[in-house]
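FYI, the numbering for the sequence shown is 1 to 1221, going by full-length UniProt numbering.
Bear in mind the hints are in silico, worked out from the structure with no lab data behind them. Be a bit skeptical, because a hint or two may be false.
[Claimed, not checked] The list that follows gives simulated cross-link-like pairs (lysine to aspartate or glutamate, EDC-like), each with its CA atoms no further than 20 Å apart:
hint, residue 1, residue 2
1, Lys-562, Glu-865
2, Lys-833, Glu-576
3, Lys-946, Glu-958
4, Lys-1123, Asp-1100
5, Lys-889, Glu-865
6, Lys-875, Glu-700
7, Lys-790, Glu-576
8, Lys-1178, Asp-1147
9, Lys-869, Glu-883
10, Lys-1133, Glu-1210
Source: prediction; values computed, not measured.
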Amino acid sequence: MEVGRLPISASLRGKLISAGYTTFASLSSLSPSDLARDLKIPESEALEILKAASLDCGLDKPDKSNVIVNGAQTAWEMLHEEQSFPRIITSSSDLDNILGGGINCKEVTEIGGLPGIGKTQMGIQLAVNVQIPVDLGGLGGKAVYVDTEGSFMVERALQIAKASIVEMSNYTELLKKKNRVCQVDIQPTDILDNIFYFRICTYTEQIALINYLDKFILEHKDVKIVIVDSVTFHFRQDFEDLALRTRLLGGMALKLMNLAKKYNLAVVIFNQATTKYVEGSFQLSLALGDSWSHCCTNRVILHWNGDERNAYLDKSPSLRSASAPFSVTSEGIRNSASNHKRIKLMNNIAFHETLKSILPYGPQTRKVLEYWLHTSGDEADFSVYFAVPSLFGGKHSRYVAEHFPKSYPQSTAEIGSPLNLTVSPSLYLSSCVDGKLKGPALLSDKTKEPPTALRDSLSFSLSHSQNHIAAAEAMTSSTSVTLSQALLARAISHHGSNSTSDRVSLSATLTLPSFAGLKSTSLSSSPSSSRPSRRRLGANRPVRAAAVETLDKTTETSLVEKSVNTIRFLAIDAVEKANSGHPGLPMGCAPMGHILYDEIMRYNPKNPYWFNRDRFVLSAGHGCMLQYALLHLAGYDSVKEEDLKSFRQWGSKTPGHPENFETPGVEVTTGPLGQGIANAVGLALAEKHLAARYNKPDSEIVDHYTYCILGDGCQMEGISNEVASLAGHWGLGKLIAFYDDNHISIDGDTEIAFTESVDTRFEGLGWHVIWVKNGNTGYDEIRAAIKEAKAVTDKPTLIKVTTTIGFGSPNKANSYSVHGAALGSKEVDATRKNLGWPYEPFHVPDDVKSHWSRHTTEGAALEAEWNAKFAEYEKKYVEEAAELNSIIKGELPAGWEKALPTYTPETPADATRNLSQANLNALSKVLPGLIGGSADLASSNMTLLKSFGDFQKNTPEERNVRFGVREHGMGAICNGIALHSPGLIPYCATFFVFTDYMRAAIRISALSEAGVIYVMTHDSIGLGEDGPTHQPIEHLASFRAMPNILMLRPADGNETAGAYRVAVLNRKRPSILALSRQKLPNLPGTSIEGVEKGGYTISDNSSGNKPDVILMATGSELEIVAKAGDELRKEGKTVRVVSFVSWELFDDQSDAYKESVLPAAVTARVSLEAGSTFGWHKIVGSKGKAIGIDKFGASAPAGKIYKEYGITVEAVVVAAKEVSS
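Modelling step: build the complete structure from the supplied sequences, incorporating the hints.
Here it is in structure tokens:
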């Protein structure tokens, strides 16, 4: 290097090199003060260095023709320089070997691969490994991590950092044994503090940062690696000007190359990959093709080989193309077990032939072992040492340890235990510093015979293999296997396999654990044997950590995975057949769904309405094929195979979003995002309330959970925050919500609009939060999270499950393209191939079908058990049992209507909101299921139940629910309460104008047949001074336009009581009661019974059903038309006054009744309502007149506003004369 020849002291040269100054060019623009600061030397010394550099490079010579251009080097200097820089290891020696020892400095290395292959994991590993101290063979540097996808997770970095420190500490102990002094004093936080993290959200930010890095690294000379993850992400999104993109990428590539050269650091750029169909097969292709690859010195492609991760060196000017498997473990990047030398040796034909020639003639097993260890030469490396002891285990392992002390890792393993061949990073570090670890492999006493069992064990394994080479080849694509299994795999496949099963039978005398490496020949010793397995991580962005998992369930992992894939492909096939739908969520959430429906939830598929069942809500309702697939597998009669095939079709039971009125087994109707989690809060509230009221110390009769899956879109909707806040406040401990954290929305990555910490928000809302980092295959993580959630009884739990949307789709997973459209036939085929799914569309494998079939009998048993428990409860607690039973069945107590108050014209005038409170309090005494409250307006809406306290965390038995200022959440929670049990009658209240905040929830009430009672006060301009923001105008008309809802506007006490009677009786039809703020008189002729007709006559002086004019009104205006009728009668007119309290109820009446109220022959009709006239013309007819308000209100006393807007007796009289003349 150039600075090596400067005529300065060795210590100064060392400081220059350590600070990154190796060329004259790197010194050319520096001032003495800058150099002094970087090297921590006096300015005088810095000035001497700069002068020496100027003289040495010849810049001061007048004749520069014979001077080497500034920065030039000879090839010999370049070679010497490259050899002098240590490389950054990946922690996988196999991967480092094909890279020539690791990631080289002064070069750009490109690493690409599909989502889930481990790119981000490798990036984090490199950011940690660059900090390995120089004394341990590392660079002791810092890292710049440029994150364009949001995939970097500090928790994962901390995990890898901790593992790295442990390995470094282990290595220092090894050095101490060799009398070498080396002290590791690094904390995990120190490693995190040395990673400079930049989050990039646009390509312009990315370009700006790359330009800025020159200055940044100049100020941070200890940066030794720049990681960009991923470099092309933002350039693949909506970039129409391809020429501009090429120029921008080219410029960025040059910048990165210059950074590597100028500062002697490594640049690692991660790239996305896709698959292309080329000449009959799918081939990996990195994003932006070969035109981008010129910027990198080495290019590595990460890919799957069966279930194993592989790295392929695709391009290098000095290294040959080669492949190396690697693993992503809980500790980071490591070697893959299947690539160790023992497996490679098994593939060596000569080696197998040697074994076969020795064993049949009573061989000396020690000779076999000697041969094994000496295959690579007289001295074997440490990876071979690890191969021997795990072959036999137990006392045989002790024999090997005795005779091969340098080859045995000083631990014993039972026969058949999996080989642990992951290379220890501490030993690997040692190999980097000291060269290859070596040790004698000769028997200490060659005259000793090995134990007979040792010889017999090896003989047995080999004699049963018909094709050792094929067996070895099979095992090179598997993981977590023993050598005995490898040797037996082929033979057993001939004797005990079943082509229709994923399991292989073994002889009872052979005790080997099963393994999950091969998809069609998994071995098992017994149904309950523990089976270690290695699972794929999901997409590189959402999966932030990997963990070694151990199943504690009897269900085999292979069957679980097969069941999960069944769910995925039922969803894929249904969406594909319909050519419509959302396949991404079911593919990503299938593991959650499987564990909930198959292992956790209590339900009876043959009675979807069993009271004490666990409830499940799919808040992200667009992914409904997940729920339909689960209902189908669980045995619900509502979802047969033909229903799956008619997904989203006319008349099917599998509509495009879950609908409780269409599909038994679906609890609530979801679709608008956020509604489902709100419904789930209502369901959980109902459970907590009923449990508090009816459970006894000796009988927990109400005991079930509410589970919900919600997505990023649900989290963005304001309603989810409203209800989550209430759930935390109320301490709904039996509400467990799964947040599908896949980071993809219809418009793309959620980073474009959603960057908050959901975890922190929910913790602040009073939830217990758990993170499952591997939602794609982390079955035990999901199980453990649910177990933990159930242990937390005083607050709801949010389980954030990081998944890959469209998991398994090789080209569309982890992208918005899989969110809301069918995959397409080619991608469906590719997904089948990728997940190893050979079945036809809609096929459920027999073993999966058999496994799930148990839910029919188990569910019936659960219900029978509960029924017996309830029968005992009835004997002890007769009154409570009867009350609870009425709520369960939706049976109203006999004579409940008698509790409704009645009024006469002599009763003092009062606002209908006050009359409403009298009715609510009267009904609360006879209707045990009545529960509700207001959105912080109880004292204005008059909705407090005076005989009861507040429903709170510690008083859940009470019936006044305080919703706070959360109208939208309030309405949706009430939907959940109503749909929990037929006898629960929820009501909620606010000002009528604020139904604008909750309209979506009200619409779902109507759609899902949830009989919520909406108590809406301040119903018109009659509220007065609050002004137009609070005065509803169009609201009556808008709700009359909504199907399956009753819009009731009572005029006085009797009509208010009648409205409540109608609302209580209509359990599948929500009701809105529009109530006045101002006082209204109790009118002659009104009645409770009249309200159920919707429109009825309150006064009439005509005969023969032929009045001169018909006056009609609702609510507070009925008084006005009644007075107008009196005035017209004084003038000799025959007038009929009709109360039109509910258009919907009137429409339900017979034609004869309608004719008796509104005879077709009478066209002189006038309507009056302090709201929009929209819709009234169908009632008054073309010759009638509708008086109302078709503009916004005003702020003034009510009487003044009524007069100014023409809502008066005089206006009605004039209009009546006009239409009747």
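> Which of the listed hints are not met by the structure?
Replying inline: Checked against the structure, the hints that fail are numbers 1 and 7, while the rest are satisfied.
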